[in-house]
Amino acid sequence: NAGVMQNPRHLVRRRGQEARLRCSPMKGHSHVYWYRQLPEEGLKFMVYLQKENIIDESGMPKERFSAEFPKEGPSILRIQQVVRGDSAAYFCASSPTTGALNTEAFFGQGTRLTVV
Amino acid sequence: AQTVTQSQPEMSVQEAETVTLSCTYDTSESDYYLFWYKQPPSRQMILVIRQEAYKQQNATENRFSVNFQKAAKSFSLKISDSQLGDAAMYFCAYRSDRRAGTASKLTFGTGTRLQVTL
Numbered sequence: 233n234a235g236v237m238q239n240p241r242h243l244v245r246r247r248g249q250e251a252r253l254r255c256s257p258m259k260g261h262s263h264v265y266w267y268r269q270l271p272e273e274g275l276k277f278m279v280y281l282q283k284e285n286i287i288d289e290s291g292m293p294k295e296r297f298s299a300e301f302p303k304e305g306p307s308i309l310r311i312q313q314v315v316r317g318d319s320a321a322y323f324c325a326s327s328p329t330t331g332a333l334n335t336e337a338f339f340g341q342g343t344r345l346t347v348v
Numbered sequence: 017a018q019t020v021t022q023s024q025p026e027m028s029v030q031e032a033e034t035v036t037l038s039c040t041y042d043t044s045e046s047d048y049y050l051f052w053y054k055q056p057p058s059r060q061m062i063l064v065i066r067q068e069a070y071k072q073q074n075a076t077e078n079r080f081s082v083n084f085q086k087a088a089k090s091f092s093l094k095i096s097d098s099q100l101g102d103a104a105m106y107f108c109a110y111r112s113d114r115r116a117g118t119a120s121k122l123t124f125g126t127g128t129r130l131q132v133t134l
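Going line by line, the protein sequences match chains L and V.
Taking the numbering used here, I'd label the letters of the first sequence as residues 233 to 348.
Taking the numbering used here, I'd label the letters of the second sequence as residues 17 to 134.
Take the hints with a grain of salt, since some may be wrong.
As the list claims (entries may be wrong) - Quick list of simulated restraints, FRET-style, between CB atoms:
(1) 58/V to 244/L: 38 to 44 Å
(2) 302/L to 134/V: 20 to 26 Å
(3) 310/L to 85/V: 39 to 45 Å
(4) 33/V to 286/L: 29 to 35 Å
(5) 56/V to 336/L: 38 to 44 Å
To be verified - Selected chain L positions facing chain V (in silico; Cβ < 10 Å):
(6) 276
(7) 291
(8) 295
(9) 346
Simulated from the structure, these hints should not be mistaken for lab results.
Backbone N, C-alpha and C define an ideal beta-carbon position, used for all residues, glycine too.
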């Protein structure tokens, strides 16, 4: 059973371009979380999605950032018109379907976004 | 909102010795989970140990154990017989126990960088 797969591992974008980060959850997992880690900081929650639904986006910046988790295919975190402050590592985590109270999230290896 | 505080930016331990990493948290909830994650240079987030707040017994996983003090809202990690491979960033994290059945987001501390010396 493959783990959470994120791609690309490294992404370089010029200021003003768009960044698209992909996350394929573990097989059987229908919950996806995105976190951002700025240099020398802990991970900060951005958004929580289930298939075709955004459940909690309280950590998402109001502008330029969006996320989706379609019925088919990976979850996508999209950053429009990137700025230098968007440079960070972006982590995806997935967890199984509802029913278990102590479901655990499994993390991908992250995408390091560098804005030049 | 919950907060997690790690007051030790860096710690150092000699190989084979024991080290304790501190974590405190703030919450008004009575049911929750606490975690320690390890992040080596590869950036992979690796779950080290987990504690359910309703359990009084401290969790242990081989050389890793916790000291969970619910009243003090303290959750420290003890690493015994430290090994070179233990060198990494360690993050303490909090998660609500929402009994609707859905897993919820993690709130992380700022991390402690652990160095292991010969």
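Structure-based check of each hint:
{"no.": "1", "hint": "58/V to 244/L: 38 to 44 Å", "in the structure": "20 Å, violated"}
{"no.": "2", "hint": "302/L to 134/V: 20 to 26 Å", "in the structure": "51 Å, violated"}
{"no.": "3", "hint": "310/L to 85/V: 39 to 45 Å", "in the structure": "42 Å, holds"}
{"no.": "4", "hint": "33/V to 286/L: 29 to 35 Å", "in the structure": "47 Å, violated"}
{"no.": "5", "hint": "56/V to 336/L: 38 to 44 Å", "in the structure": "19 Å, violated"}
{"no.": "6", "hint": "276", "in the structure": "7 Å, holds"}
{"no.": "7", "hint": "291", "in the structure": "8 Å, holds"}
{"no.": "8", "hint": "295", "in the structure": "21 Å, violated"}
{"no.": "9", "hint": "346", "in the structure": "14 Å, violated"}
Checked against the numbered hints given earlier, this structure breaks hints 1, 2, 4, 5, 8 and 9; the rest are met.
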